[in-house]
Each structure stands twice: as structure tokens, then as C-alpha cells.
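Undergrad: Residue strings, one per chain:
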Amino acid sequence: MTNYLAILRKELHALFVSPIAYVVLAVFFGVSGYFFYIVLSFYVRQAAMRQFGPYPFPMDVPSLVMESYLGVMSTIILFVLPMVTMGIFAEERKRGTMELLLTSPVTYSQLILGKFSAALIFLLVMLVPAVFNVWLLVTYSEPRPSIAPYLIGLLGPFLLGAALLAVGIFISSLTENQIVAAATTFGIFIILWVLDAAAASSTTTWNEVLRYLSVLNHYDDFIRGIFDTQHLVFYLSFVFLGLFLTSLSLESERWRR
Amino acid sequence: MIQVESLTKRYGFRTAVQDVTFEVQRGEILGFLGPNGAGKTTTMRILSGYLPADEGRAVVAGFDVFEQPLEAKRRIGYLPEQPPLYTEMTVDGFLDFVARIKGVAPADRSERLQYVKDRCGLNDIGSRLVKHLSKGYRQRVGLAQALIHDPDVLILDEPTIGLDPKQIIEVRELIKSLGGDHTIILSTHILPEVSMTCQRVVIINAGRIVAIDTPENLIYQLTGGQRIEVEIGGSAAELIEVIERLPGVRKVVDQGAQDGRRLLVVEAEGKTEIRPELAKLIVDGGGELYRMQPERMSLEEVFLRLTTEESEEEAAR
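From first to last, the protein sequence lines stand for chains A and B. Per my numbering, the very first residue in the first sequence carries number 10; after that it's consecutive. Per my numbering, the very first residue in the second sequence carries number 24; after that it's consecutive.
Just to be clear, a hint being listed does not mean it is correct.
[As the list claims (entries may be wrong)] A short, non-exhaustive set of chain B residues, derived as facing chain A with CB atoms under 8 Å:
hint	residue
1	73
2	89
3	97
4	126
5	236
[As the list claims (entries may be wrong)] Residues from chain B shown here face chain A by an in silico Cβ test under 8 Å; the list is partial:
hint	residue
6	107
7	109
8	113
9	123
10	124
11	258
Hint data in this document are derived by calculation from the structure and do not stem from the laboratory. By construction, the Cβ of each residue, glycine as well, lies at the ideal position given by its N, Cα and C atoms.
Produce the complete structure using the sequences and hints provided.
TA: Now the structure itself:
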């Protein structure tokens with residue numbers, strides 16, 4: 010436990026003193042804030058037009074806003090997370106501090122979980138404005154909607170981010186070059202993203218498999234406010250797989266060089 | 024304290040370390056000497072638990088580094104060739120982190136931190152960022168990092184590389200003062216360093232151990248005696264004859280004159296000290312004695328002879 014906390018603390022320090030963290034946060038806050046504004050004003054206008062048009066019918070503005078807003082957010086997350094994970098192991102290897110970590114009485118799981126937890130905390134910080142925006146939606150809507158679907162919605166970007174972080178950490182453990190790590194991670198994220206589109210075209214068995222593997226397919230229910238354990242299980246197994254592969258990669262490195 | 028038995032490590036088809044066997048007693052300082060690429064770093068990485076060996080075993084402080092890695096790692100302080108430093112941390116912050124992951128008890132942490140800072144001369148720079156430190160200070164932080172959990176065994180890979188002469192002397196003194204409390208293995212390719220700091224030397228070349236002994240014995244074995252440099256004034260020719268008649272002296276080599284002084288190399292049999300008699304002889308013989316010392320170069324010669332013999336053998340194969 011002491012080891013895990015020490016690694017976590019050190020990793021948080023490393024993340025938050027690096028300029029990359031602030032660039033990532035600034036870009037993410039800026040872009041997601043902008044989209045929130047666009048989406049919100051679009052639906053408010055739509056609702057107003059419908060209400061005063063010839064055939065008025067009710068529209069659930071807050072849930073539509075959340076769905077579109079968090080939908081866009083998944084894409085932004087996909088783009089910025091490689092910058093967060095690229096250095097996690099690559100940097101240690103480049104600086105030679107990997108030798109310090111691996112010659113200390115620290116187990117692989119303490120090391121990997123410590124680093125993963127720090128990345129998760131960073132992800133939570135990234136999502137602070139999203140929480141605030143969703144809170145605005147819920148508080149200022151008339152009539153006031155129930156809070157539960159919105160909390161479930163926020164779980165979406167968190168779980169998606171966690172799964173992507175685990176993949177990114179695995180990629181970072183394979184190389185000592187941060188740029189290579191970032192580019193590869195980004196490539197894999199794009200493939201995961203495209204997989205969704207490829208699977209949407211038809212309903213053959215192969216496409217069913219693709220659809221199940223697509224990280225975004227499992228995301229959609231969350232942002233509609235629907236909680237289904239199969240999606241939770243999917244993301245958690247994704248995280249587990251990523252971290253497990255990381256431990257294999259660290260173990261095999263000792264035998265390779 | 025350290026037992027190494029027939030360690031072998033291959034990288035692909037290249038054998039980096041072959042059949043390395045040695046032992047180190049508690050409190051001893053052992054020097055690892057060899058040309059670049061001889062397998063020093065590989066051996067040290069295996070001992071520190073960073074690399075697994077293909078064959079053989081290594082036991083440090085009673086724990087096998089492959090079978091009980093965590094226990095062994097708790098008792099080893101390791102300074103790699105490139106000091107492993109987090110440059111964005113302060114010296115105190117970094118040492119505190121290392122203390123935590125090395126398992127120093129929370130109650131002892133500040134005391135150990137103070138101790139290693141005293142020992143390594145880091146008291147004034149605790150709050151500075153590592154990235155702003157000079158190479159010499161970084162090396163000291165590296166040493167402090169290796170010492171922080173009071174390990175039984177210290178493994179230091181080229182601890183004086185890249186330092187200026189004053190820093191080299193300081194680091195050597197520090198290492199010497201650590202012997203006794205800690206068992207130390209240090210590697211170097213600088214020969215005088217070994218005779219100055221180490222009690223025993225392992226000479227390693229092309230992955231194999233060529234010799235293990237004290238520096239004096241190694242010189243003795245190869246030259247079959249001792250060599251003393253003598254700088255004299257006055258009539259050299261007569262003196263040389265007189266010296267050659269001294270019991271134990273095998274040969275006197277005239278190295279030529281400079282500024283009216285003559286440099287002689289006296290080769291003597293056995294390990295008996297002949298310097299007092301030699302001095303008396305020269306002074307009584309009317310010579311002027313300016314300087315007398317055991318030949319500095321000799322360990323280098325030993326080293327060269329051992330390592331080149333080996334490669335000639337390899338070439339012959």
C-alpha cells in the first residue's frame with residue numbers, strides 16, 4: 010500500500026508539473042465548453058421554434074443536450090488522451106528511472122496500479138467542467154428532471170476514458186519514445202473509433218462482433234441515461250486487459266534487453 | 024554477503040557474461056575492472072535484480088535475487104551508470120520518494136533523509152530542483168538514493184564517471200568511508216581508482232573473469248615481484264651497480280635523465296619491503312635521493328596484459 014501510494018503521489022506530481030498536462034486541460038476545457046454552448050443554444054432554439062410553430066409538441070431539451078454534448082466529448086477524449094498516457098512508461102525508460110523502479114522492492118501491480126490511478130485522477134480533473142455543465146442543465150431546466158440519468162451519463166466519459174487510458178499505458182510500456190507512444194495510441198484509438206462506423210453498416214455475425222468491440226457502441230447507452238451492466242463489464246474488462254498487457258510487457262522487457 | 028555462481032547472460036547470440044563466479048565478504052569493497060563492453064554493467068544489473076540471468080545464481084545478503092527478488096532488493100542500493108533521477112523533483116522530494124518505495128519506515132524517513140544528505144554533502148541543496156544541478160551533484164544525489172534505505176549491499180556502476188578531479192576525490196573518499204558498514208561492489212575502467220578504493224579486484228574481459236585478487240597480489244603475480252621508481256642525482260652508473268648488488272633486486276632499468284636527475288626503475292623479487300635499505304644504500308653511496316615510490320603504472324600493465332592475452336587467445340581460436 011505504501012508503495013502504491015508513493016507511486017501514485019509521484020505520478021500525480023509528474024503529471025501536474027508537466028506543461029503537457031496544462032495544454033491538454035486547456036484544449037479539452039476550451040473545446041468541450043465551446044461544444045456545450047453550441048449544442049445547448051441549438052436545442053433551445055429548436056425547442057422555441059417547435060413550441061411556437063404550427064404543430065407544437067414537447068421536447069426533452071436537457072437529455073438531448075446531454076446526449077449530443079457527451080457524444081462530442083467522446084471524440085475529444087479520444088484525441089487528447091494519447092498525450093496524457095504517452096509518457097507514463099516511455100519517459101521512465103528514457104530517463105533511466107525504470108532501473109530505479111525495477112530494482113526497488115515494488116511489485117509490477119503496485120507500479121502499474123499507481124500510475125493508472127494517477128491517470129484516472131487526471132481524467133477526473135478533465136471532466137470537472139462536464140460535471141459542472143450537466144449540473145447546469147439539471148438545475149436550470151423547467152420542470153426539473155430527475156438526477157439519476159444524468160449521473161449515469163457522466164459515467165460514460167469516465168469509463169470510456171479509463172479504458173482508453175489503460176490501452177495508452179500499455180502502448181507507453183512498449184517503447185522509450187514518447188512520440189512513438191502517442192502516435193501508436195492515437196492510431197489505435199482511431200481504429201476503435203472507426204470500428205463503430207464499420208459495424209453499423211449491416212447485421213452479419215462479423216459486424217455483431219465488431220459492434221461489441223467498439224468502445225463507442227457501449228458509450229451510447231450511458232449518454233442516453235441508461236445503465237446496463239454489460240457496458241460496465243465491457244469497460245472494466247477493457248481496463249483489466251490493458252493493465253494486464255502492461256504487466257506482461259514490463260515482465261518481457263527484462264528478458265528482451 | 025554476496026555469492027555469485029556461474030552467471031551467464033546472453034543477448035541474442037552474443038554472450039555478455041559467461042560463467043562469472045565470485046564472492047564478496049561483509050564490509051568489503053570489491054572493484055570491477057574491465058574495458059568498455061566487458062560485461063561489468065550486465066553483471067551489476069543482474070545482481071541488482073534488473074535483469075534475469077540465463078544461467079547461474081546470485082545470492083545477496085542471504086536472498087536469491089531471482090527467487091526472492093523483493094527481499095533481496097530491500098537490501099541492495101543500486102546506482103546505475105546514468106543516475107536515475109526525476110529532474111522535475113526537488114532533491115528532498117526525490118529522496119523522500121525513493122525512501123518510500125524502498126520501504127523505509129515512516130518514523131525513520133526524515134532521519135534517514137538527513138543522514139544521507141549529511142553523508143553525500145547535499146545539505147544546502149535539498150530544496151533545489153534536480154534539473155538545475157551540476158553533474159557532480161546529480162551523482163551525489165544518485166549515491167544518496169542508493170544509500171537511503173541503509174542497504175547491506177551497495178552496487179555502484181561507474182560512480183566517478185563524468186566528474187571533475189576534485190569531485191572524483193570526494194566521491195572516492197565517500198565510498199571508502201562507506202566500506203565496513205556496507206558491502207560495496209563498484210565498477211570502473213579507471214585503474215588507479217581500484218587500487219585507491221578497493222580491497223579486492225575482479226578483472227573482467229569479454230564477459231569472463233580473468234583474475235580476482237588484491238591489487239598488490241595481482242601486480243606481484245604478474246611481475247613476480249615489485250617495481251620501484253627512484254629519482255636520483257649524482258653519478259648514476261656507479262649507483263646502479265651498487266643497487267643491483269642489493270639482495271632481492273633483480274634488475275635496475277635506467278629510464279634516462281631529465282633536469283640533471285635520473286629516473287631508475289628497480290625490479291625486486293618477492294614481497295619483502297626493500298625501500299628503507301634502498302634509500303640507505305643510495306644516500307651512503309653518495310647519491311642524492313629526490314623521490315622513491317612503487318611504480319604507479321604497474322596495475323595498468325597487469326590489466327593490459329590480462330585483457331590482451333585473453334583477446335589474443337580468442338583471436339587464435
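Undergrad: Does residue 123 (chain B) pass the interface hint, meaning its C-beta sits closer than 8 Å to a C-beta of chain A?
TA: Since the shortest Cβ distance to chain A is 4 Å, the answer is holds.
Undergrad: Taking the least C-beta to C-beta distance, is residue 113 (chain B) closer than 8 Å to chain A?
TA: At 10 Å from the nearest chain A Cβ, residue 113 (chain B) fails the 8 Å test, so the hint is violated.
Undergrad: Against chain A, with CB atoms and a cut of 8 Å, does the hint on residue 89 (chain B) hold up?
TA: 11 Å, violated
Undergrad: Once the shortest beta carbon distance from residue 126 (chain B) to chain A is found, is it less than 8 Å?
TA: At 5 Å from the nearest chain A Cβ, residue 126 (chain B) passes the 8 Å test, so the hint holds.
Undergrad: Given residue 97 (chain B) was flagged as interface, is its beta-carbon under 8 Å from a beta-carbon of chain A?
TA: 5 Å, holds
Undergrad: Report holds or violated for the interface hint on residue 73 (chain B), using the least CB-CB distance to chain A and a cut-off of 8 Å.
TA: 5 Å, holds
Undergrad: So, as I understand it, the hint says residue 109 (chain B) touches chain A; can you test that by seeing if any CB pair is closer than 8 Å?
TA: Result: holds, 6 Å to nearest chain A Cβ.
Undergrad: Would the stated hint for residue 107 (chain B) survive a check requiring a Cβ distance to chain A of less than 8 Å?
TA: 4 Å, holds
Undergrad: Double-check residue 258 (chain B) for me: the hint is only fine if its C-beta lies closer than 8 Å to a C-beta in chain A.
TA: 61 Å, violated
Undergrad: Please verify that hint: residue 124 (chain B), Cβ, nearest Cβ of chain A, below 8 Å or not.
TA: Because about 5 Å separates residue 124 (chain B) from the closest Cβ in chain A, which is inside the 8 Å limit, the hint holds.
Undergrad: Please check whether residue 236 (chain B) passes as an interface residue: C-beta within 8 Å of a C-beta belonging to chain A.
TA: 29 Å, violated
Going down the numbered hints, you'll see the structure goes against 2, 5, 8, 11, while the others check out.
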